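Asker: For reference, the chains in residue letters:
2 protein chains.
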Amino acid sequence: METLWPDRYALRMGRMRSSIIRELLKLTERPEVISFAGGLPAPEVFPIQEFRAAADRVLREHGPEALQYSTTEGYRPLREMIARHTARYGIVVKPENILITSGSQQALDLLGRVFLNPGDCIVVERPTYLGALQAWNAYQAEYIGVPMDDEGLRTDYLEEALRAGPKFIYALPNFQNPTGVTLSLARRRRLVELAAEAGVPLIEDDPYGQLRYEGEHLPPLVVLEGKLHGSDDQCCYSGNVIYLSTFSKTLAPGLRLGWVIAPTEVINRLIQAKQGADLHTSTFVQMVAFEVARGGFLDRHVREIRAVYRARRDAMLAALEECFPEGVRWTHPQGGLFLWATLPAGLDAQELLKVALEREKVAFIPGGPFFPSEPEQNTMRLNFSYVPPERIAEGIARLGRVLNGTRA
Amino acid sequence: METLWPDRYALRMGRMRSSIIRELLKLTERPEVISFAGGLPAPEVFPIQEFRAAADRVLREHGPEALQYSTTEGYRPLREMIARHTARYGIVVKPENILITSGSQQALDLLGRVFLNPGDCIVVERPTYLGALQAWNAYQAEYIGVPMDDEGLRTDYLEEALRAGPKFIYALPNFQNPTGVTLSLARRRRLVELAAEAGVPLIEDDPYGQLRYEGEHLPPLVVLEGKLHGSDDQCCYSGNVIYLSTFSKTLAPGLRLGWVIAPTEVINRLIQAKQGADLHTSTFVQMVAFEVARGGFLDRHVREIRAVYRARRDAMLAALEECFPEGVRWTHPQGGLFLWATLPAGLDAQELLKVALEREKVAFIPGGPFFPSEPEQNTMRLNFSYVPPERIAEGIARLGRVLNGTRA
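Heads up: the protein sequence lines correspond to chains U and P, in order. Take the first sequence: its letters are residues 12 to 419, numbered as in our numbering. Take the second sequence: its letters are residues 12 to 419, numbered as in our numbering.
It should be emphasised that the hints constitute simulated quantities derived from the structure, not laboratory data. Since this is a predicted model, take the numbers as computed values, not measurements. Just so you know, nobody snuck in bad clues.
Heads up, the list lumps identical chains together, so a pair's fine if it works in one copy or across two of them.
Result set (SDA-like, lysine to any residue): computed pairs, CA atoms no more than 25 Å apart in a straight line:
| # | residue 1 | residue 2 |
| --- | --- | --- |
| 1 | Lys372 | Glu76 |
| 2 | Lys372 | Pro75 |
| 3 | Lys372 | Thr82 |
| 4 | Lys105 | Arg41 |
| 5 | Lys372 | Tyr80 |
| 6 | Lys372 | Gln79 |
| 7 | Lys105 | Glu40 |
| 8 | Lys372 | Glu332 |
| 9 | Lys105 | Glu91 |
| 10 | Lys365 | Thr82 |
| 11 | Lys365 | Leu141 |
With the sequences and hints as input, model every part of the structure.
Answerer: Here you go:
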């Protein structure tokens with residue numbers, strides 16, 4: 012029986028592009044493929060024993076609470092812990108300024124829901140995180156892309172972009188997805204200044220901030236903005252920056268656990284929106300994550316992750332140096348999960364991917380989809396967190412052979 | 012420092028009503044209050060030991076998979092199990108027709124996202140589930156309320172309602188929230204017929220279907236609709252009904268785990284929407300729920316829940332008979348978690364709630380918010396699943412004293 016659905020109903024999502032990340036993730040499931048495509052953490056670093064102990068303790072000591080409905084804003088001890096952790100980085104907020112979300116992706120979605128009307132525009136880095144574009148496409152957003160260089164977002168282009176009257180600016184200052192680039196301190200200051208002057212909120216997405224492998228920690232935008240206004244530490248947070256982070260890269264992405272820090276009024280609207288979206292994030296997951304993270308474990312664990320990922324980044328940089336031909340450039344990320352390669356003009360990374368998968372069983376993500384418009388097709392994102400160092404060397408060698416046009 | 016947010020930005024949610032359920036749930040946290048307000052399952056029936064064993068086994072045997080990102084559509088063994096379970100009720104679908112959601116609430120939200128443009132109208136029962144109104148208010152939906160009686164939705168009013176060209180019909184045929192009323196077989200048939208004739212999709216929300224305490228199981232709309240069209244069991248489902256259910260009432264609501272059954276094209280759009288909304292539902296939670304439910308446990312457990320809730324329903328009906336004054340009417344639900352009381356015209360249940368909380372420490376939900384428009388303020392929803400039988404008797408006695416205007 013033929014279904015009549017697509018003809019009968021004007022489903023709203025027709026104009027959304029099909030998900031490229033999702034289709035590509037399917038390719039990476041074949042065991043013979045070495046995949047630099049996903050953004051997956053290394054499963055070797057998941058603290059499985061700690062999760063076993065935590066799940067058991069939560070159910071043993073707080074079973075009825077862990078399995079029951081709970082408040083939309085999130086498990087209070089977890090929000091208090093997040094407030095204590097972020098305070099060490101200068102982000103001084105109360106638990107009332109923190110909303111637990113079902114992964115950072117939900118925070119992006121909820122922000123779209125409370126801010127965006129169809130046709131509203133958003134200033135984004137160019138390229139930017141694909142998941143943010145997917146979240147905001149559903150609200151029919153328009154984008155103004157600001158170019159980047161090795162110091163991140165080109166703030167000298169920002170003033171012009173702000174003249175279009177965007178609803179907010181979206182930035183990933185640390186080890187950006189997809190480029191791996193970090194926004195310099197001078198540019199951070201300028202970005203915060205310009206946003207405040209224009210009265211445009213800044214969404215600071217910081218999933219990788221704790222995963223720095225070299226160089227000095229740079230203050231988050233939310234901290235620089237607080238200094239600008241001399242905000243009172245005793246007060247609830249009331250600045251111009253909305254800060255997002257997640258446990259996906261430090262504990263485990265399979266939890267789907269992130270958070271938003273925002274002024275009280277914005278948090279209250281986000282809570283309303285979240286209640287309509289999924290009532291609340293799993294009580295059990297929140298309590299287990301709290302139980303795993305508390306007592307200093309998260310800090311110790313993040314140090315271990317850093318060591319593992321630093322070695323993988325180094326392995327990839329060394330392999331690129333050795334195997335990639337002249338004329339290909341790539342970024343040197345100080346942290347995070349990704350680097351970004353630019354091929355000679357005229358090369359199409361999507362075409363290259365087909366060849367790479369077919370001939371050499373190696374995968375990456377073509378850079379095009381990360382651009383809000385006018386995609387630069389000669390770019391690619393390479394993930395270095397998921398594949399062990401020796402496989403990284405082998406995978407980059409394979410990719411080098413594809414680029415050099417030589418078969419294995 | 013005064014925050015400038017509400018003045019500076021036209022946040023989109025301003026027109027949403029503040030959440031009455033949420034505010035009321037706060038009242039129920041005081042231990043001296045006997046609360047019939049929430050829709051909480053009894054924590055005494057949570058299978059905590061089974062969850063402990065399942066969480067341990069999942070982490071021990073599938074730790075890296077349970078903690079990693081997974082596909083948006085959901086954990087395949089769980090979807091296969093749901094397909095097997097629903098087949099016993101005549102709902103014959105493939106796992107490809109099933110999307111796992113972060114609770115049923117997310118299914119309502121995603122349906123709004125793929126179906127609704129601002130101003131689109133929806134046919135709903137009057138009164139209807141408040142969470143659905145909250146989900147769809149975010150998409151600026153309009154509602155056409157169809158009256159109910161003891162046999163459920165008055166299908167004789169439906170033809171007129173359908174003339175307005177609604178985007179879909181939303182119905183809760185079993186032990187409806189908030190009224191506890193069950194749609195009769197004749198009306199089910201008529202509803203399905205009229206929807207098919209008008210070419211309007213039917214959303215069948217069935218969170219309580221398994222919790223029947225008396226009478227015969229009635230076929231779901233999705234099954235009646237399949238018979239209407241003589242659909243082929245070997246095919247993917249392609250009918251006119253979208254069916255929602257959840258593990259919140261049979262396993263535990265703190266998981267946030269529900270599912271949608273829909274034609275393939277609709278499921279594909281919902282998957283796209285969910286990817287932008289939260290990527291996927293917690294892998295860990297899906298695997299733990301599968302591990303708890305499989306091997307026949309869920310069936311045995313549901314039998315236990317039925318016995319517990321039947322006793323509580325009976326306790327409430329007996330207490331109402333004994334303590335409520337002349338002129339108050341209430342429904343006699345055959346299952347589910349709620350019944351619905353109608354006070355003499357002119358009485359305002361919201362006013363009554365204030366008195367009830369203050370004088371007698373007893374809570375319920377005033378019926379007004381469950382109406383999409385023209386609220387009947389002399390109504391109230393009473394939950395009988397959460398409070399043990401002896402406390403039910405005491406709570407209804409207290410409420411009877413309030414209604415009789417006598418102090419304790």
